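Asks: As given, the protein sequences belong to chains A and B, one line each in that order. Numbering-wise, this note's numbering puts 177 at position 177 of the first sequence, and it's gapless, one number per residue. Numbering-wise, this note's numbering puts 325 at position 90 of the second sequence, and it's gapless, one number per residue.
A few of these clues could be false.
[As the list claims (entries may be wrong)] Here are the simulated lysine-lysine pairs, DSS-like style, with alpha carbons at most 30 Å apart:
| no. | chain 1 | residue 1 | chain 2 | residue 2 |
| --- | --- | --- | --- | --- |
| 1 | A | K173 | B | K472 |
| 2 | B | K430 | B | K287 |
| 3 | B | K472 | B | K430 |
| 4 | B | K265 | B | K320 |
| 5 | A | K173 | B | K287 |
| 6 | B | K265 | B | K291 |
It should be emphasised that the hints constitute simulated quantities derived from the structure, not laboratory data. Predicted model only: the values in this text are computed from it and were never measured.
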Amino acid sequence: MFDEKDKKIAAESEACRLFDAQVADYLEGEDRPVVLAHAKECAFCGVLLADLQGLMVQSQGMPLVDPPARVWANIRATLAAEGVLREQGTLWERWFSRLTLFGSPAAVGALAALVVLAVGLSVSRNVVGPRPAAVKPAPIATQETVALPAISSEDNALARTMAELESSYRVRKVSFEPAVQATYDRGLDSLNASIQECRDSVQREPDNSLAREYLLAAYEQKAQVLTAALEYDGR
Amino acid sequence: MKRFRLSRVWLLIVPLAFLGATPGPSRVEKTVDTTADPLISLSNLKGHVTVKGWEKSQVHLVSVSASPRIEVDVEQFPPSGRAAKMHFATHILDPQLGDKSTDYSLDVPLGSSLQIRNPEGSVQIQTLQGEASLDSVGGTISVSDVAGHLAIRSIGGDIEMVRPSGRVEADSVNGSVRIVSASSSRLRVSTTSGKIFYEGDFLPGGVYELKDYNGDMEILALASASFEVNASTVRGKVIADPDISFKPKRHPAFRPPGSSSLFGTHNTGSANLDLTSFSGTIRIRRLP
């Protein structure tokens with residue numbers, strides 16, 4: 001009696017495990033007949049599948065909302081309290097934490113977008129679009145002309161965040177001492193020029209990993225310089 | 236009689252007004268007993284900051300501000316007894332002030348660790364065993380004989396490191412970086428438009444990463460230096476002087492078309508030297 005019951009539970013568990021392993025693919029549109037078949041036989045898995053499908057339908061109609069600044073501050077505080085973010089890390093980490101990098105939603109956005117771009121640059125050869133027939137020399141970028149022409153959707157978020165950071169910087173820099181302002185402007189001009197030149201190189205030679213590395217490094221550095229400038233308090 | 240009194244009042248007011256209009260520099264001098272390895276942080280705006288390590292377990296501060304309307308705050312922790320942490324901060328009491336500079340001269344225990352921000356001024360550190368985190372926007376940063384981890388950052392200022400022996404991380408955008416006689420086993424330096432100059436030896440097993448964008452890079456190595464070099468550029472050049480010989484690698488790394496690169500071993504190749512530039516010239520020379 002018990003043996004038969006155990007066998008049934010074991011068979012259900014095996015089928016449930018198979019369902020669990022394949023349900024994500026099924027929900028992403030792949031053909032997984034086992035999932036539907038098991039959902040009809042197993043009440044628990046049937047309800048789970050119905051719930052997941054319901055969530056997917058309802059979430060499609062929801063607008064994307066940017067979380068307020070306090071959310072980032074709370075996340076940071078919680079991570080710090082849990083010891084995930086350590087204040088006393090390396091000097092480099094402390095340098096970042098002193099700039100309250102993670103306290104700034106714009107900076108978090110920039111870093112998140114950089115991660116997206118990094119993945120895009122390292123995985124996709126076509127991230128900067130198809131190879132053009134002939135490339136004209138790009139004009140030298142200035143701080144006012146952000147070197148982000150239309151590219152793939154992978155770095156749209158980065159472009160938006162960079163533009164926001166730059167826009168905030170332009171407002172903020174008015175209060176800087178002229179010498180500080182000039183130094184930041186020169187730095188950003190150099191970085192914009194390098195971003196444009198690197199993009200040009202990657203477009204011409206999509207397989208050139210060094211050019212990709214430089215492009216990513218230039219974006220990263222620009223985000224860091226803008227963040228540092230926004231955190232600059234004149235002291 | 237009344238007229239006489241008024242004139243006496245004016246005699247007092249006029250010099251005081253002159254004193255207010257042209258205030259002289261203000262000076263602070265202080266000595267504080269500390270532990271042997273205190274954490275010292277300093278936040279200034281403009282002026283020279285000089286820090287020297289000494290044998291005493293004391294911090295000796297001399298600061299000279301351009302105006303009495305600049306205040307120098309000194310905080311210590313714990314508030315009594317030997318300080319384990321000290322913080323120096325410059326406060327500008329009058330934002331309209333023309334000259335906002337304060338010069339600091341600090342003698343600190345050899346084991347101290349430093350965190351210094353001096354956005355518009357220079358920083359000079361001499362002889363320290365602790366770590367140092369230094370940043371400036373436009374000022375020059377110069378460090379000599381620091382044994383701890385160095386983290387240096389500037390936007391436009393030059394960086395110079397003489398005889399560093401701890402881990403080194405130095406980044407600039409427009410400034411040049413110069414490293415002389417390093418005995419560090421981990422060194423990472425980058426600049427966008429500045430130059431990089433490295434002179435000296437490489438420790439066995441050490442990793443040295445030097446990266447610039449369009450500035451030139453020059454490596455002056457000892458004849459006895461043992462290192463494996465991976466030098467590559469996207470649009471620049473790699474030049475090794477004829478008097479420094481490299482054994483080519485058995486399996487050279489992939490070279491992107493049109494790029495210039497050099498992969499080889501000097502002597503036994505015990506250190507790793509990774510040099511990259513986008514459009515600058517990388518030159519490797521032997522020290523005479």
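Asks: Each hint needs a verdict: does it hold in this structure or not?
Replies: Do the hints match the structure? See the list:
With a C-alpha separation of about 37 Å, the suggested pair K173(A) and K472(B) falls outside the 30 Å cut-off, and the hint is violated. Between the alpha carbons of K430(B) and K287(B) the distance comes to roughly 27 Å, so the proposed pair stays at or under 30 Å and holds. Of the pairs offered as hints, the one joining K472(B) and K430(B) holds, with about 14 Å between alpha carbons and a cut-off of 30 Å not exceeded. Straight-line distance between C-alpha atoms of K265(B) and K320(B) comes to about 15 Å, which keeps the hinted pair within the 30 Å bound.
Distance restraint check for K173(A) and K287(B): the Cα-Cα separation of roughly 34 Å exceeds the 30 Å cut-off, and the hinted pair is therefore not satisfied. Distance check on the hinted pair: K265(B) and K291(B) sit about 15 Å apart at the alpha-carbon level, within 30 Å; holds.
Hints 1, 5 from the list above are not met by this structure, while the remaining hints are.
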